[in-house]
Every structure is written in structure tokens, then in C-alpha cells.
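Let chain Y serve as the given structure and place chains R and F on it in line with the hints.
Heads up: the protein sequence lines correspond to chains Y, R and F, in order.
Start counting the first sequence at -14; every next residue gets the next number (my numbering).
Start counting the second sequence at 9; every next residue gets the next number (my numbering).
Start counting the third sequence at 43; every next residue gets the next number (my numbering).
Everything labelled a hint here was simulated from the structure, so no lab data went into it.
Accuracy of the hints is not assured; some may be wrong.
[To be verified] Simulated pairs of lysine-lysine, DSSO-like, Cα-Cα distance not exceeding 30 Å:
#1 R:K329 to F:K100
#2 F:K111 to F:K96
#3 R:K163 to F:K96
#4 R:K306 to Y:K148
#5 F:K50 to F:K100
#6 R:K306 to F:K111
#7 R:K329 to F:K171
#8 F:K160 to Y:K465
#9 R:K426 to R:K372
#10 F:K160 to F:K96
#11 R:K163 to R:K329
#12 F:K111 to Y:K465
#13 F:K100 to F:K171
#14 R:K410 to Y:K148
#15 Y:K421 to R:K24
[Unchecked claim] Label-pair distances were calculated between CB atoms; the ranges are:
#16 Y:A95 to R:T25: 54 to 64 Å
#17 F:G69 to R:K306: 18 to 28 Å
#18 Y:V193 to R:R160: 42 to 52 Å
#19 R:R311 to Y:H145: 53 to 63 Å
#20 F:R145 to Y:V(-4): 54 to 64 Å
#21 R:R295 to F:S154: 39 to 49 Å
Here the structure is a predicted model, which is why all the values come from computation and not from measurement.
Cβ coordinates follow ideal geometry from the N, Cα and C atoms, glycine included.
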Amino acid sequence: MTEFPGATGLVLNEPLLWERGRRGRCGFSLPSRDVERRPAPAALTAAGPDFPDLSEVDVVRHYTRLSTWNFSVDAGMYPLGSCTMKYNPKTNERQAAHPGLAGAHPLLPADLCQGALELMAALECLLAEITGLDAVTLQPGAGAHGELTGMLVFHAHHRHQGKPRSKIIVPDTAHGTNPASASLCGYRSVAIASNANGVLSPEAVAAVMDDQTAGIMVTNPNTLGLFEENVKAIADIVHARGGLVYCDGANMNAVLGMVHMGRMGVDVLHLNLHKTFSTPHGGGGPGAGPVCVARHLEPFLPVPRVRLVDNRYVLSEDFPLSIGKLQAFWGNTANLVRAYSYILTMGAEDLKRVSQLAVLNARYIKERLKGIYHLPYDRPCMHECVFSDSLQQAHKVNTLDIAKRLMDYGFHPPTIYFPLVVPGAIMIEPTETESKEDLDLFIESMKAIATEAREAPDRLHQAPTRAKRRRLDETAAARKPCLTG
Amino acid sequence: MRYLPHTLEDIAEMLKTVGVESLDGLFASIPADCRRSAPMVLPHPLTEWELNAHIDRLAGRMAAGPAYKVFIGAGSYEHFIPASVGFLTSRSEFVTSYTPYQPEISQGTLQAIFEYQTLAARLLGMEVANASMYDGASALAEGLLMAARITRRSKVAVSRAVHPLYRRVVETYLKPTDIEVREIPFGPDGTTLLSAVADPAELAAVAVQSPNFFGCIEDVAAVSGRAQAAGALCVAAFSEPLAFGLFKNPGSLGADIACGEGQSLGIPRAFGGPGLGMFASRMQYVRNMPGRLVGETKDLEGRRGFVLTLSTREQHIRREKATSNICTNNSLCALTAAVYMASLGGTGLRELAQLNYDKAEYLKSQLRAAGIRLPFGAATFNEFVAAFPDGFDAVHSRLIAKGIVAGLPLGTYYPELKNHYLLCATETMSRDDLDALAREVAS
Amino acid sequence: MKDVSELKFPEELGYVESHEWVRTEDGRARIGITDYAQDQLGDVVYVELPAPGKSLAKGAPFGSVESVKAVSELYLPIGGTVVEINAALENSPELVNSDPYGRGWMIVIEPSQSEDLKGLLSVQAYREKLKG
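So that you can see chain Y by itself, here it is in the shape it has in the complex (with noise of 0.2 Å):
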């Protein structure tokens, strides 16, 4: 018999922080006062917000129960695609928290900030020749940052040349970010369809390609988990009518090592270092979104960029055509530091290995899966497999229904409904720290469920039954938003 890693245990209840207070209470050394108090001017000041007043105690018990509610990659699989959520590398953490690191204000003159800039000189570098583009800023904080980024540089290179553009291309399997990021920037997007083989044909580019097209936005391994084999030509297409090439890195876990993202013709790139390069995703964030360029391109990365010069690192603002700045600071250091540290970890050889195994793992899952759950785009996928529910609609039973019932058996569900190309998808990416058994026991519980989905919607419908609350109710939070205590 097998034994599913979902159980029940005892979950301990926990009330809001301002329903544990009582006044009088610290949970905070403050320091010993050495300077007299001087009072502030009455007519600016006020008695301060109402906050509860906790113990050290209070709030320490707060946060663990709390924290002892939540899913993590630390406690068991957690195949979100388009997500990538692997194994989070301990080592880096530590990187991340040196004192020296962590304790450095950003202001500090060159002289006395040389580490963190001599790290952010060699991330550049590790992250020129992993992609196979020229130039790095590190400055975006997450994905989208950075694809607003790119189209910044779209924008900025197009007006260099004079003739500004209006319009973007993007494909209907795009994340949601791509098209708001372009229209951050003014461009209208245009929408392009995949064929039937899931990826984008040239034909289909070069009917809408046109000097008012700024150019084309990418995703490439793309959301079904194809990769677009067409791209090359694609990026010809777009080129010859002076637009340029972004490629959406979301899913560069799958290529690392294999792809050149300079000869595959793209101009612009970003990478998510909380996906592809192991820093953790902290519940939503923070994340980094640097973003690679072509040498074409670099004079317009934002500034302040780190350079070398007498052997010393400096932050140079001496770029007049760069589009700006994106943060009061110079990026999201600490995961800089992280992500540098899981490189230097990994090294050439294991890099490749990460995306061989990503694959490896997500077409397992898809062989073996395959004929107990609808495989709308049965081709060889890359990092993330996508299926569909409508095997199970005959029961009454839908994608929801099933990721929900996945909790119960002690894995987090998929990606639902997204790409929308796809109607009722199931998006799976196992990423590749999963061991074999790991895999194993995920596709049990699928295949478990499925049978359920036949012999027992019911349980479907009232699944989960074993997490810390029952299904929730959106409609009511949505209607009557109550978005404060």
C-alpha cells in the first residue's frame, strides 16, 4: 500500500495579532537612552498608530503557528509551472545574511563598498556567457521589472533611431505580465495564436510584422512547455522590419547549457533568479529580474552600472543614451548574492545537468500520465508538461476539483487554468530536485485521483479536507472586499 505524504496532524489556532495584545507589553529591547528627550514640535506630531503591544513570546508563537499553515518547497513538492520552485540551497542564505553584505548601506563611497560591487561585476559575467548575450544590468526587482525593463529599451532604442513604434507582438500563450509591461511603455499589444503544434509559425509573425511594430516579445521554453523551434526565423522576420527580439527567461531552467540566446536571435532577455537560479520566493517576492541584452543594446541599460577602471570597481552614470532607473538602489543584492552563490556552486557541468534533469523529470510525468489526463499537445515537452481536465468533465469534475484533492494527498498543486490557450489546464512542473520517488508518489496520487474522479467525485468536490481550511469563499472577499482588520 502506498503511503501519500498528505496526513492530517494536530494544527494549533491562531487568533489576529491585535486580537492577542494587551497594552504594556514589548517584544523589543529598546535601546538605553543616552540623550535627553527633546520635545517635537506639538503641532506635527501625534500619538502614533494603534498598534497591539505583544511580548517577544507572543509574537514568536504568532508567527511559527502561522507559518506551520503554509505549503513550502521545504516540505514537499510543489510543482507550480512556470514557476520553478526548486530546492532553495541553504548555503546561500548564509551568503545572503554576511553581516558585511547584509550591513552595508548602498550610499557607501566605492572605496568602501568593493565586495558587493566585484560580485555584481561577476554575476554580470556568469549571466552574459549562461545566456549568450553581451551586457547585464541586476537592477529589476522580479520578472515583470524586467520586462519593463526590455520594453524600455524597445522604446529607447526605437526613438534613437528616430521613428518611434506603437504596437507589440504577443503570443496568446504569454504570462499576463508581457502585454501590461508593453503597455506600461505605450504599446498596444497584438495578439498572435500558436499553431497547432503549440508554438508560433513564421507565417503567423510576418502577416502582423510591420514598421510600426516595435517588435515581438517571447516566451521560449513557452508556457506549454514547447520549445518554439521556429524562433529563428521568427527573430529574421522581426528584424528585417527593424523590430527587436525579447525572449521572457521565465522558463530558462529547461535550457541551461543547451541554448545561445544570441544566436537564437533575441535582443533583450530577463532572467528570474527566483526560478531558474534557486532564490527563494518568500511567499511572493522579493525576487530579481536582471536583463540581458545584445551589445547593440547595452547603451541603453539603466544606470548606475558597475565598472572597473584602475582596478577599481565603480558605479558609472556615464551613459546618456540608458533608458534610467528602475529602483532607488542598485537591485535586489541579497539575492544577487544568492544566486551567485548557487552558480559558483554549480559550476558549468551541474548547470546543464539542472535543465537535462527539469526535462528529464517533466517528460516522466508526461509519459506517465498521459491517457489518464487529457495531453492537449502531445509532443516532446521541455521543463513543463500542460494537461487538461476534459477526461474528467464527463464526471463532473474539473481542474479545480483536482488540484484542490491534491492537497489532501500532501502535494501542492499545479498551475490551473493558465495558459488560457488551453481550456481547464494543468500545468506541472516538477523542477529537478525531485527524486524519482518523489515523482513516483506524485503520479500515484494523480492517478489515485482520477479514479476518484470516477468512483468518488464527491470527494473531489469537497476536497481539501486536510488542509488548515476548507475551500474558501472569493466570491464573498471580492464583493465585499474587507482588506484590513
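Below, chains R and F without anything else, positioned relative to chain Y:
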């Protein structure tokens, strides 16, 4: 490799299932014209202890820690962070989870963010706060874009006393739009010259920062009065929210949108990031807000629970018409700020803010006594501007050799403020540290 | 979601392909969304409507209707001036689901060109479109 669990037997068996001969065979769909012609050239992999030594070497070349006294604030502040804060926010369950899209197994993050939203709204005196933005500068840029959406106007006025790096980010965000940025000058007391705001009826927003870049407390009530009378919104930025433990907060002064940096609230400076973009507004504008929101609801059994809500504003649903492109934000930093605020409590926050005020006031009095001119007369929090005589840059450099960084030179950002330095003193500076600084700069 | 045969489409209304209905009342036009549209959307959580007094052309977007995970634009079946909006939807958007042709109405238009009314689809024609 310790992060890769596959044995050779596993790989062989899995390849057999998949029906592919070799690992390279998995990539057959990648055409030749997209492939690398040569393997990546990266440094030889490091063992864990080699990595420790390497990072120790780099970190050793940073002016951080007790050996250095850094009197710079300017949007990144040194505050004492209790061990309990770091301990709690390092818990794997918080650190290694994704965005809480599946609420039944993400109630920890969801309740914590709901509590953060509540504490942030109370701190800022606003009706609603979102789950976070990247940093203070990008939050301000998004605040101005939101004001333009609400008012359907295309000009914004931004005070020159707003952090100069925030203004650079605003400029970057607004450049490709048709929104024009007008600069409002500051007056001799170091605060914004509100009388210089021209044609407010054309404006989507009037934006000031308080405390401003010079540490000065702005008259935000006058800004909101003037903006709202002309149909514009008052956007109140900040880089030091600890000030609102002592000084009036943006909401109580009539701000429509409050946005800024929350790094002060328990987040390490980390050479500038990640920080915490805080973003709050009036409830009537919530559907125009960027970023995620957590709301309270009930589960099937009627028990209280939390979910991401009002998601139709966001990119994954509204795509090109979304209120922002933001997806991943700075959730763990918001959690950190919440743990920090909970640890301080109302009483602790008030006391800590007062102590910060007192330290800077003490330093001011010592500098004045040493004959240093403090040009701006407005009340300040935490930091302030000092005007030093010609040639002070040599003193500044000499002090660095002694482990003292005597403030941030302002000439780079404000050419007219040559020889002016922005000095910051938080609760982490002892009276001896402050005395030593006053003594050294005057010598 | 229901089968089209289970949905209701009153005989007396005019329809458009974008799933709005029109009821003519003394020369004015009351407008809402059809049973099919509300069923496709699921639980409606928010309805955004224009300010009364606004003039809009035929086919122009006049607002939007939101469920938890979708947004649909609303398109004006006939050109004209908005004379009334259903204020009840602000606090009770669920009326669009429970009573799409009654208390879930959205706006009343003073038509600028009465010919627009003649171009609406009959129930039969609208049902044909739904069968596609």
C-alpha cells in the same frame, strides 16, 4: 551534486520510460540554429566551505559592522533588528513558499499579509494598503500613474525635495507615457515651496515626501488642501516610516495615496535591496490600485480565512489593461515589517521614534556648538543637512580612514548644495559616537 | 455552466451578439446582459457603469462586469445618452446573476438614432448565434 537527487540508475530507468536514449536526446526539438556551439565557460564549482571563504573575502571588503560608523540615511536606514525578527522570517514555511494562489494551504502567508496590510494602513493613517511593491521609488512612480488613471489628467508636480533617486525612477517610468513631470522647488527652510505649484487644475497629482530627502517635515495638509481643491490628488511619499511613530501620518493630513519605502521596519540595508515598497490609498480608489491585496472571507464551514482578492485589477486577468504589470512583489519583506511592527507595538514604536528624533537633535546641537551651519530651519526626523566650509571633502576622506562616514555629499544631486552633507543618526548611534562625529568634523 | 437550452431569453427583448439585451420603454432603452452572459461569467462581484449624462456611440464600451477571475467589457447595443444607471448593483452585483432581465438591469439610454433599435437581433436570431 547535492541538490540533484537522481542516481544513474534513476536516470536510465526514466529515460527508458520516456523512450529517449540519452539526456541530450531530450532536447531534440531544439534546432541547431538556437544551440550553443560550445559549452558554457564558468568557474570550477566551489565546495560549501570554499564558497564561505570566497563570500567572506568579498564581504570583508565592505564598510559594514562595528568597525564603521556610517552617518548616512538617505532612504536606507540602520536600525536595530531583534534576533526574533530574523529567526521568524527565516522559517522555511515562509521563505520557500510561492505566492498564495492556493489559499487552503497558504493561510500562514495570507493571514500575515492581511495583518501587514492592516498595520501598514494604521501606520500611514490610510484606509487600505496593498501587499507590497518593489521599493519606495517604484511605489512612487506607480502612485503617480494611479493618480493619472483616476483623474484622467496627464501632468504631475513632484517636489524637488523628494529623494533624487526616486525622482529618477519616476522619470524612467513616465518617459514613454504622455505624462509630464513638473518640478516644484524647495524653499530656504528645506521644505517644498507650495506657492510655486502652477495651474493645479491641470494636475493629476502633487507629490511631496515627508520627512523629505533633507529629513524635513513637509506641510502635507497644505499640499492635500491645495491639490484637492483643484481636483488633483495628494501623493505623499516617504522613505522613513518610523517617523510616523512621532509625527502625523500622511492619512491624517489628507493624503489620497501614500507610497514609499519600508526598509526601516526591520529589513537589513543589504546594499540597497530588497527593500519594501509600501502603497496605500483611500478605499474609494482601491480598484485603481496596483499590486496584490489579501482579503478576509470564510471557508465552507464558516471559519475565518484569507484569500487574494480584487485580482481583476491585475495582469494575470486584465493583461494589457491591468493597473500595473507587477506580479512578484516583496512579500517576505512585508512579512518582516509586520513582525517588526508587532514586536515594537504601539508603545515601542512611539518610544523608538522619539529616541531617533532625540539622537538627531542631539547631534544637531553638538554640531551647532562646534560652529557648523545647519541651513534648513524646518523640523526634521532622523536626518538633516549640514553646510560645511570649503575643503570639507578632505576632512570627509580623512574620517573614512578612521572608520567614520560623515554623511552623504549633496553636490552630486543638488549642484547648489556644494559642501552640504546629509547626516543621519538613528537609535544605533551612541552619544559617544555622536560626540566623536561632532568633534572630528569641527577639527 | 448550463446548456443553452436551460437558459432563458424573453421574447420581447432585442439582443446583440456581445450578449447585451435591450428593452424598449417609451422610446428609451433599458440595457443589461443576457442569461447566457451571466452564466458564462459566474458569480458577478462588481459592475462598473458610466456616469449619467454621458453620450456614447453604438458599439462603444460603456462599462465592465467582473467575476472573481474574469472581466468582460460591456458594449452599447445602440448609440445615445445615459439617462439612468442601476445604483443597486453597486452593493448587490449578484442581481446580475439572479435576475439578469429584471433587477439586474444596468443602464437606460436615450437613443440618438431610433434606427439603431431596428438592428437588434430577435430571440430566435440570438439563439442561432449562440449555437454558432
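Verification of the hints:
no., hint, result
1, R:K329 to F:K100, "holds (22 Å)"
2, F:K111 to F:K96, "holds (29 Å)"
3, R:K163 to F:K96, "holds (24 Å)"
4, R:K306 to Y:K148, "violated (54 Å)"
5, F:K50 to F:K100, "holds (25 Å)"
6, R:K306 to F:K111, "holds (18 Å)"
7, R:K329 to F:K171, "holds (28 Å)"
8, F:K160 to Y:K465, "violated (40 Å)"
9, R:K426 to R:K372, "holds (19 Å)"
10, F:K160 to F:K96, "holds (23 Å)"
11, R:K163 to R:K329, "holds (21 Å)"
12, F:K111 to Y:K465, "holds (16 Å)"
13, F:K100 to F:K171, "holds (20 Å)"
14, R:K410 to Y:K148, "violated (54 Å)"
15, Y:K421 to R:K24, "holds (13 Å)"
16, Y:A95 to R:T25: 54 to 64 Å, "holds (55 Å)"
17, F:G69 to R:K306: 18 to 28 Å, "violated (47 Å)"
18, Y:V193 to R:R160: 42 to 52 Å, "violated (30 Å)"
19, R:R311 to Y:H145: 53 to 63 Å, "holds (58 Å)"
20, F:R145 to Y:V(-4): 54 to 64 Å, "violated (43 Å)"
21, R:R295 to F:S154: 39 to 49 Å, "violated (30 Å)"
Violated hints for the displayed structure, listed by number in ascending order: 4, 8, 14, 17, 18, 20 and 21.
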